[in-house]
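Engineer: Numbering of the sequence shown is given in full-length UniProt numbering, commencing with residue 1 and proceeding in unit increments.
The hints are simulated quantities; they were obtained by calculation from the structure and are not laboratory data.
The beta carbon of each residue, even a glycine, is placed where N, CA and C say it ideally should be.
Misleading hints may appear alongside valid ones.
As the list claims (entries may be wrong) - In silico lysine-lysine, DSSO-like type, Cα no more than 30 Å apart, as pairs: (1) K73 x K114; (2) K82 x K114; (3) K184 x K82.
Claimed, not checked - Derived DEER-like restraints, expressed as beta-carbon distance ranges: (4) P266 x P50: 53 to 63 Å; (5) A222 x W151: 32 to 42 Å; (6) T223 x H248: 39 to 49 Å; (7) T223 x Q158: 15 to 25 Å.
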Amino acid sequence: RDGGCRDVGDNTLPGLLLVCRRAVRQWTTKGDVRLETARLSISGPEHQTPAIESGAYVQANNMPVGLDVWNDKLFITVPRWKTGVWSTLNYVSLGKTNEPADPSPELIPYPSYKQNCLGSASADRMVSVFRVSVDACDRLWAVDTGVEDAWGRADQLQAPKLMVFDLRTDTLIRQHTFGAGDVKPDSFLANVVADASPDACGDAHAYVPDLGGSGLLVYSLATDASWRVEHHYFHFDPLAGNYRVAGHEFQWTDGVVGVALSPRAPDGSRTLYFHPLSSTTEFAVSTRVLQNATAASDSYHAYRALGTRGPGTQASGSALDEGTGVLFYTQVNRDGVGCWNSVTDADDYSPDTNTLVAQDRRTLEFPNDVKVDRAATLWVLSDRLSTFLYDGLDPNDVNFRVFS
Numbered sequence: 001r002d003g004g005c006r007d008v009g010d011n012t013l014p015g016l017l018l019v020c021r022r023a024v025r026q027w028t029t030k031g032d033v034r035l036e037t038a039r040l041s042i043s044g045p046e047h048q049t050p051a052i053e054s055g056a057y058v059q060a061n062n063m064p065v066g067l068d069v070w071n072d073k074l075f076i077t078v079p080r081w082k083t084g085v086w087s088t089l090n091y092v093s094l095g096k097t098n099e100p101a102d103p104s105p106e107l108i109p110y111p112s113y114k115q116n117c118l119g120s121a122s123a124d125r126m127v128s129v130f131r132v133s134v135d136a137c138d139r140l141w142a143v144d145t146g147v148e149d150a151w152g153r154a155d156q157l158q159a160p161k162l163m164v165f166d167l168r169t170d171t172l173i174r175q176h177t178f179g180a181g182d183v184k185p186d187s188f189l190a191n192v193v194a195d196a197s198p199d200a201c202g203d204a205h206a207y208v209p210d211l212g213g214s215g216l217l218v219y220s221l222a223t224d225a226s227w228r229v230e231h232h233y234f235h236f237d238p239l240a241g242n243y244r245v246a247g248h249e250f251q252w253t254d255g256v257v258g259v260a261l262s263p264r265a266p267d268g269s270r271t272l273y274f275h276p277l278s279s280t281t282e283f284a285v286s287t288r289v290l291q292n293a294t295a296a297s298d299s300y301h302a303y304r305a306l307g308t309r310g311p312g313t314q315a316s317g318s319a320l321d322e323g324t325g326v327l328f329y330t331q332v333n334r335d336g337v338g339c340w341n342s343v344t345d346a347d348d349y350s351p352d353t354n355t356l357v358a359q360d361r362r363t364l365e366f367p368n369d370v371k372v373d374r375a376a377t378l379w380v381l382s383d384r385l386s387t388f389l390y391d392g393l394d395p396n397d398v399n400f401r402v403f404s
């Protein structure tokens, strides 16, 4: 009944020299490599010969995209871009120094292999998770697209849903399936940011960008309700759809994907900073607006265009350090990480106030996600996505890295 789903290089980086006016923490001149590997390995004996022979596990098709950190767990997502992905939500155990004993460790399915197994008939099965978000109440939020082989057949195996896990008990405490009014035929839910306060854990919200359908989904934990928000700023910029990464030139029309939250204001609201992937402009809106289901799509002027980072500065993931107000974001075309100080430069979002703080054409080829943990440490994942999709990765080279 369970479908066989029983549980079972070079690291040089330029220093982050506090160029964003006392940013999160200074990186060493060689960077801190927490994980690096040529190919991903998943723990458990089941993925050996039988799974390989059946095609259930194709190591070359397993590629990480998202990350987040909680205590000694480094979460790594492996979306089902292609067939043969063994487990979509995983973690690596970190030591006291935030470093795994093995720089190329096996990923451990979270919270269990059964929930990650495509053959499972369980209602809490996960098909494909791109990014996750750890909140202030020790919970992990994940959005399952429900799509297998996204780069090929794009089989919609189940409706997209939001899942919330209690990290202290490793149990699923909430599962919400998005309704027909939330998603469109071309929806692609590849990110989530959780908005929670430790003194009001039951009143949390999640903001889920829809890069395919150019919208934003909002979810209320208190009411277990979700709604779709529409705005022109969620769409891609036709002048920013061309990419050149590692010798590959390609065109994408991805809408909103990067989302990050400011510290909480006296009235309890926060600012959601967001940007489409195929854009060089950053936007902002108050969470008060987004949390009003009846007015969120009809408050055009409440959304602000902050400015542009300049040509070729398309970004995927982003994260804000609440202690400094520094917004970090990936720089896909530039093989690096950029930042902007939302406090000191609140009225000036421009190429002059956006700084490239790390760059390396090899080790940071396609930086795909960034997070700032509770210890104010910046984490970055690079995965050579464009090479993976358009060419195929060299199994003899380091392809995936996590820095902090």
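Engineer: Determine for every hint whether it applies to the structure shown.
Structural biologist: Evaluation of the provided hints:
1. Restraint check: the Cα-Cα separation between K73 and K114 comes to about 19 Å, which is no more than 30 Å; the hinted pair holds.
2. Using a Cα cut-off of 30 Å, the hinted pair K82 and K114 holds, with the two alpha carbons roughly 20 Å apart.
3. Of the supplied pair hints, the one linking K184 and K82 holds, its CA atoms being roughly 22 Å apart against a limit of 30 Å.
4. Between P266 and P50 the beta carbons are some 59 Å apart, a value that agrees with the proposed interval 53 to 63 Å.
5. Between A222 and W151 the Cβ separation comes to about 37 Å, which falls inside the hinted range of 32 to 42 Å.
6. Checked against the hint of 39 to 49 Å, the C-beta distance between T223 and H248 comes to roughly 44 Å, which is consistent with it.
7. About 23 Å separates the C-beta atoms of T223 and Q158, a value consistent with the hinted range of 15 to 25 Å.
Violated hints are absent here; each numbered hint is respected by the structure.
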